[in-house]
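**Q** Here are the chains, one letter per residue:
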Amino acid sequence: MSTHSATHPTHPLLSIRNLRVALPTSRGQVEALRGVSFEMQRGQTLGLIGESGCGKSLTALAIMGLLPNGATVSGSIALNGTELTALDDDGLCKLRGARMAMIFQEPMTALNPLHPIWKQIAEPLQLHQVMDLVSAKARALELLERVQLPRARERLDNYPHQLSGGQRQRVMISMALACKPDILIADEPTTALDVTVQKEVLGLIRQLVAEDGMGLLLISHDLGLMRDQVQRVMVMYGGTVVESAPTEALFGMRAHPYTQGLFAARPQLGLKRGTRLQTIAGNVPDIFNWPSGCAFADRCSYVKDSCRQALPQLELVPDAHKTRPDDSHWVRCPHWQKLGASV
Amino acid sequence: MKAEQTFTQHAQRAFKHRSFAAGAVIVLLLVISAAVSLFWTPYPVADIDIPNKLAAASAQHWFGTDSLGRDIASLLLVGSQNSLLVGFIAVGIGVGLGVPLGLWASAQRGWVEEVVMRAADFTFAFPALLSAILLTAIYGPGLVVSITAIGIFNIPVFARITRAAANAVWSRDFTLAAKAAGKSKWAITWEHVLPNVASVLIVQATVQFAIAILAEAALSYLGLGTQPPNPSWGRMLNEAQSQMFQAPMLAVYPGIAIALAVLGLNLMGDGLRDLLDPRLARTR
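Those protein sequences? They're chains A and B, same order as listed. So the first sequence is numbered by this note's numbering: it starts at 4 and just counts up by one. So the second sequence is numbered by this note's numbering: it starts at 96 and just counts up by one.
None of these hints come from the bench; they were simulated from the model. A hint or two may mislead.
What the hints assert, rightly or not - Using 30 Å as the maximum straight-line C-alpha spacing, the simulated DSS-like pairs for lysine-lysine come out as follows:
#, chain 1, residue 1, chain 2, residue 2
1, A, K183, A, K140
2, B, K280, A, K140
3, B, K280, A, K122
4, B, K280, A, K183
5, A, K122, A, K140
6, A, K183, A, K122
7, A, K97, A, K183
8, B, K280, A, K97
Claimed, not checked - Derived contacts from chain B toward chain A, CB cut-off under 8 Å, selection only:
#, residue
9, A202
10, A276
11, H287
Just so you know, even glycine gets a beta-carbon here, dropped at the ideal spot from N, CA and C.
I would like the entire structure built from these sequences, with the hints used as guidance.
**A** Structural data, given as structure tokens:
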């Protein structure tokens, strides 16, 4: 066991406080994350949901320290009590792949076409556990068997183009799990896969995360997928978390108008033929010109003047089902009680 | 076993590609003649035989003799050494300095990239031959100076092409995945970026090799490259010029040698471009 895995029981696994990220553009620095805060306990599974451009992936990249050059970060990201924003690149390299790992959206492009897959799985092992090539290859085989790649032994020497999308994603997962990280970040891991493979891969991730007691941060825009996958869901909009609740509670009651819209827009079985799916009118707010108040104000049918004054604070939603103190349901909307939370 | 099979497969594919096969044969001929001339030539190259000067092609002298009675065939053979040497060293200088610079610029981005690329533009702005003439004016004519001049001209060529290809590799997801696995920039450059730009560099190297041979011939023709008594194709052309009307073939033989070498390298480079590009693999 490496020294990094020393656990600090007093610290949460991951603690993010008021994370702000500004990206360089041709029109100057633009704030893309505007104060994201959340905490994640050891072994907790957390879902991050929202439409394109709301900052889901950026949050993941910020945690991994993989933001594009020139991005400015403020706020705090602490992994096991270690402040990541204060680390230099060497320090981050020691943590990436060892204590935190990431699975990407596109298994087709996330593997180097020139190296056989075992070498790519062996990379983090050689790097973080100083394994020699022979034992790294043996470990790569174990890992491939663990992710249930069929005929793993023959596949070791295969190149990425010889595998299907689902198989490649399994290889990516085995790479991410190689050093038994504390936290696994999965950025839309199944978006590029077809539906049946999607289910298998998600089931595999769920099983492996439970077996290793890892924390999982699952990023997706698919609500249905979240329901079986994570204990808690955070809804992001306009660079902030607008609602955060235990999965059960959120599927029971949505307090934020955006979350309500998101749920109303999802396709459901049993709808009458010809029924049009509901949409949320309008567009994602202009990132170059954030509204001063609630980012959702322009699309919200319950909008009041006060919504446009200042960014609303998170409010606690009382929940009858609450069993643990950290199971609280938060919403970033001051009027949620008046708009009749949809059930 | 498996590796051998794929090697024969590659070889078969390569020789089905006509321009690669033709180019490879010509280049192989060039290499063989240079190698043979190290041990054996029909006549010693420096042997002057005035009574036999400007002899026509015959069984004794395959391509005849020049104005001093030297055997043209022997001169051509030994001259190929010169061309190969210039090509290897000039491309070596270009690859050895240009590729690391390009990789560095691409890995660092920001001001490092700007500085390296503007420096490359600056060097590139001077025509290669002109800067070679400048250098020989300072350091005196000679093979070493001309090779260095051609080599320096190759550095920005390789720096630019490496940076452009490396930037394309850096934008692909697997470098991000390697970063997420904890690899440093330099490890990713070495293990992921360089192998993915290698094919581009190999193709460029063959093209630059041909250009170097041509440049050396031009410099020697101007009397700034290889100095007498060392034979060089470019110098043979220069010497043939004064006998243009008595013995026009004297200019034709080295001219053909230069043209063939350049053609062979270009055909090979062209073929390699197709063969090393996996997207074109199936269509050919």
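**Q** Please go over all the hints and tell whether each is borne out by the structure.
**A** Hints, one by one, checked against the model:
Between K183/A and K140/A, the direct Cα distance comes to roughly 16 Å. Compliance with the 30 Å bound is thereby established for this hinted pair. The suggested pairing of K280/B with K140/A holds, with an alpha-carbon distance near 24 Å, which does not exceed 30 Å. Restraint check for K280/B and K122/A: the C-alpha separation of about 18 Å stays at or below 30 Å, so the hint holds. Between the alpha carbons of K280/B and K183/A the distance comes to roughly 23 Å, so the proposed pair stays at or under 30 Å and holds.
For the hint pairing K122/A with K140/A, the CA-to-CA distance comes to about 7 Å; that is within 30 Å, so the pair holds. Restraint check: the Cα-Cα separation between K183/A and K122/A comes to about 18 Å, which is no more than 30 Å; the hinted pair holds. A hinted pair counts as satisfied when its Cα atoms are at most 30 Å apart, and K97/A with K183/A qualifies at roughly 14 Å. Simply put, K280/B and K97/A have alpha-carbon atoms about 13 Å apart, close enough for the 30 Å limit, and the pair holds.
The restraint placing A202/B at the interface with chain A is violated, with a minimum CB-CB distance near 11 Å, outside the 8 Å limit. Checking A276/B against chain A: minimum C-beta separation of about 4 Å stays under 8 Å; hint holds. Interface hint at H287/B: satisfied, since its Cβ lies 5 Å from the closest Cβ of chain A, which is below the 8 Å cut-off.
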